[in-house]
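Okay, so the sequence shown: first residue is 1 according to our numbering, each after it adds one.
Read the hints as simulated data drawn from the structure, not as lab findings.
Some hints here could point you the wrong way.
As the list claims (entries may be wrong) - Label pairs and their in silico Cβ distance ranges: (1) Y23 <-> A62: 54 to 62 Å; (2) Q43 <-> E65: 28 to 36 Å; (3) I73 <-> P52: 29 to 37 Å.
Even for Gly, the Cβ is constructed at its ideal location relative to N, Cα and C.
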Amino acid sequence: MHHSQSKIIILIMTVLLFSGCGYNTIQRNEEAVFKAWGDLESQLQRRADLIPNLVAVVKGYAAHEKETLEAVIEARAKATSVQLSAESLSNPEAVANFQA
1 MHHSQSKIII LIMTVLLFSG CGYNTIQRNE EAVFKAWGDL ESQLQRRADL IPNLVAVVKG
61 YAAHEKETLE AVIEARAKAT SVQLSAESLS NPEAVANFQA
C-alpha cells in the first residue's frame with residue numbers, strides 16, 4: 001500500500017512539474033506576441049505620421065507643375081499662332097521670314 005501511494009505522489013509531482021514548464025512557455029510566447037504587436041502598432045503609427053508630410057510635398061509639387069504646364073501651353077500657343085499683320089502680308093520679306 002505504501003509503495004502505490006508513493007507512485008501516485010511521484011506521478012502527481014511529475015504532472016505538476018511538467019505543467020509548470022508548459023505554463024512558463026505559454027507566458028514567454030504570450031510576451032513575444034505582445035512585443036510583436038507593439039512593434040506593428042509602432043510602425044503603423046510612424047506611417048500615419050508620415051502621410052501629412054507626404055501630402056504637403058505633393059501639393060507643393062502640384063503647384064509647381066501647374067505653373068510649368070501653363071508656361072508650356074502659353075509657349076506652344078505663341079509658337080503656333082500667326083503673328084503677321086495685314087500689312088506684313090503685302091511685304092514679301094516678312095512672308096519669307098515667317099515661312100523660314
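Verification of the hints:
Range check, Y23 to A62: Cβ separation about 58 Å, and the 54 to 62 Å hint holds. Look at Q43 against E65: about 31 Å separates their beta carbons, and that is inside 28 to 36 Å. Hint check: I73 to P52, Cβ distance near 32 Å, so the stated range 29 to 37 Å holds.
Checked against the numbered hints listed earlier, the structure breaks none of them; every hint is satisfied.
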